[in-house]
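Given the coordinates of chain Z, assemble chain X onto it according to the supplied hints.
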Amino acid sequence: MENTITQQYIDKDLVIIGGGPAGLAAAAAAKENGIDDIVILERDKYAGGVLRQCIHDGFGLKIFGERLTGPEYAARYEEKIRELNIELKLNSFVLNVTPDKIVQALSPEGMLFYRAKAVILAMGCRERTRASIMLPGTRPAGVYTAGLVQRLINIDGYVPGKEAVILGSGDIGLIMARRLTLEGVNVKAVYELMSYSSGLKRNIVQCLDDYNIPLYLNHTVIEIHGRNRIEGVTVAKVDEKKQPIPGTEEFVKCDLLVLSVGLIPENELSKSAGAALNKVTGGLFVDDNMSTNKEGIFACGNVVHVHDLVDYVTLESVNAGKCAAEYIKNGSANGDIINVVPENGVRYVVPNTVHRDSQKDSVNFMFRTGNVYRDAKIAVYDGDRLIKSIKKKILTPGEMETVKLTADEIKSVKGEIHIGVEA
Amino acid sequence: MYDVFIIGSGVSGGFIALELSKYNLKVALCEKSLEPCGGSSRANSGIVHAGYDPIPGTLKAKLNVRGSELMPEMAKRLNIDLNICGSYVIAFNDADDQKVYELYKRGITNNVADMTVLSGDAVRKAEPNISDKVTSALYARTTGIISPYKLAITSSELATQNGVDFLRGNEVVAMEDMGGYIKVITNKGSYDTQYVVNAAGVYADKIANMLGDNSFGIIPRKGEYLILDKNESGIVNSVIFQVPSDMGKGILVAPTVDGNVLLGPTSHNITDRDDKSTTKPGIAEAVAGAKRSVPTVNERALITMFAGIRAVPSTGDFIIGQSAANSRLFNAAGIESPGLTSSPAIGEYVVKLMAESGVALEKKKQFFMQRPAEKKVCSMPPEEACKLIESNPSYGKIVCRCEKVTEGEIIDAIHRPAGAVTLDGVKMRVRAGMGRCQGGFCTSRVIEILSRELNVPETEIRKQNEGSELLYRVLRDPEAKQ
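One line per chain: the protein sequences are Z and X, in this order. Going left to right, the first sequence walks through residues 317 to 739 as the numbering used here numbers them. Going left to right, the second sequence walks through residues 23 to 504 as the numbering used here numbers them.
Just chain Z, with the same shape it has in the complex (with noise of 0.2 Å):
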């Protein structure tokens, strides 16, 4: 939509879009690093994003060797941002950013348009559907994402059903199945369709094995079934090929099928920004700096790549607040680009390229393997040169993994940077 109303833009350095746990590390780094002219937009009416839901503990421990609630880790960071003055704008919901960094949002004061000089994209992720994995059958009341169920047991303070059926054993649904469980709600069986979890394993200790909930690998729902409230779901063991087996249905009666079904970055206004998108992972693609393709629109935390711990998203967020700030201060990092490609097994690696002359003392490569590799090996090489090779007990698609290149190994490289699974 065009502003049709004249001198009405609202001058800013830098507009951080999403007031979750990456918005809000990167608008303190931001002023740390000398920029005050900050606004953080958050649509909802407080801000820590998802972190307010996750009461559940073990958030921190890399950042504040603690193990906070997501409550209390996100509120480290709304003090922060407090005590540095920045400005917070709840309740604004963003339509729309242009290439050139027009910001249109919706607030109750009105439809806001702010110019940047710079964006940071931090918009986080959401659940995928019913529809994303194709489950026919009826559609009852009691159908329901983790994070939906999530928000209304911790936030809106309901119980959603007696009896639970969870699809999907990524690290919400194997909490949810805790947290049903303390609540009262007969949680029969975690289902996955994977021949492993997606999830933590010290989630499937403390959420599954802890509280004797049973999980069925190679596994999923087929059909649901009921009119009104959900009654129950058809369940099947699958093949290699992830088609249900003919003969191993069978009923299992729930009123209540969560469904945990994997993330995907969120990443509609990156589109309308003309941001560059990565096709295997949906996220953004950014350099070493946290820029994606189009210059002076930084990003980070989910929106970028679905990450394991918070604490990897905030390390990341500053990254992107120091960067920002230094773009606003002294235009675009020039120099040469460095390639990076993921290859054997490795799904995809953030940073996508990396500059030859960072400033930094070092570049973190952060990725995930798309299958379960045992006593492997992650290499990096520059062509044929074998940069680096780290020895692994395991590689799990669950847990993300980090190789750290020094500033020299970086400068040494001749053409690609590839990180692969070796056996």
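Derived by calculation from the structure, the hints in this document are not laboratory data. Ideal Cβ placement from N, Cα and C applies to all residues, glycine included. Where hints are given, some of them may not hold.
Unchecked claim - Restricting the straight-line Cα-Cα distance to at most 30 Å, the calculated cross-link-like pairs of lysine-lysine (DSS-like) are:
#: 1; chain 1: X; residue 1: LYS426; chain 2: Z; residue 2: LYS433
#: 2; chain 1: X; residue 1: LYS313; chain 2: X; residue 2: LYS302
#: 3; chain 1: X; residue 1: LYS398; chain 2: Z; residue 2: LYS328
#: 4; chain 1: Z; residue 1: LYS405; chain 2: X; residue 2: LYS252
#: 5; chain 1: Z; residue 1: LYS587; chain 2: X; residue 2: LYS313
#: 6; chain 1: Z; residue 1: LYS553; chain 2: Z; residue 2: LYS504
Unchecked claim - Over the 12 Å line for every Cβ pair with chain X, so calculated as not near, a few chain Z residues:
#: 7; residue: ILE379
#: 8; residue: GLU382
#: 9; residue: GLU388
#: 10; residue: PRO452
#: 11; residue: ARG494
#: 12; residue: ASP555
#: 13; residue: ASN609
#: 14; residue: ASN646
#: 15; residue: ASP652
#: 16; residue: ASN655
#: 17; residue: VAL657
#: 18; residue: ARG672
#: 19; residue: ASP677
#: 20; residue: GLY699
#: 21; residue: THR722
For chain X alone, kept in the frame of chain Z given last:
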């Protein structure tokens, strides 16, 4: 005592109610669901057909052409989107070419304007994503797309605004001819009426039976559909049909008025009239059918699947008119395709038949012709949005992130005549929850708004019908919320 008691608030019931609300009559519009449009009108292709398909001389042909004429004006009055986007019926071989030509000739007989038979290349020039295998097509300029549930809901809303009683959650279980009047018994109570209009969709035969009319049967025929993300819009710009068969108009690929892409329907007779489940084979069939027309269809962009039940008449044609078994009963039954297109004409026709058979119609002094426009903040010019938000900040609060629906718009939908009382009611009226996240974000917020505006506990808020309560119990006292 009602003068007229209409059973069913799909598009037929809605337009009959709207037409009757012009007169000094006491009219009830009775719906077994909690929202208008709980049946066939809720889940179909949403096509305003040009009129080349029905056999000349049938009621279907007559009312299709008349309905298609009336629709633009009706859409304007009801303030809903109608996009006359045109359609192609595509052929893949000689036999299909022949059928395309027959449809063209039939269209001429039915007085359909602006049709052309095009070569395969000419079709691909207009719609580049259509299959290379297409040999010819019938183009009809006047085909349109509309939201079928919005058409039914808004006609019910405007009828209610004009004094019709909307009786929601009332399932008719029996009727009795009391001599001078009819007693209609529902699961909620009993109502006396002079006349009954049977617009009960897939249950129309059962309703007719209650007053001794056994002259027709309804064959429920399921159709499964897929809706694709708005990112896929533009894959086709008009409605792409395949040549019709005995089981219907085949699988289509079409844009929707809201910017999504619609694939389907399948067509299978079923025995359970309420079986609106989607199935794995059904979805596969719809996808394969769609890909036959448009090979680049991306089913991975699926955002939802649904099934609808067609009310196929045993007679082959619409069954409209005074019942031979009971003169107080008027049927509007067997309204399968092109029922949606015909619906404004069905309203007109039923009321004309009622007048002819002696129902006294006296025009009201005041009749609201125009349904007020809905406020859609994100499509307004910014100045106008700012003014509206200044007067009421709830229009500045986005509740549904995918479809960009504000709290103010949802509150409006709840407080309109025959307004929303359920999650699906809000969804069908303002699209909150209809986007790519399918309510993952807004469900809890909409429950909260419904509860507050209707002053009922959140645990009593339903998805659709009684028994579809969304939450089970309170975890803690809501008063203790921060």
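- Task: Just pull the numbers of the violated hints for me, sorted ascending.
- Result: As far as the earlier hints go, only 10 is violated by this structure.
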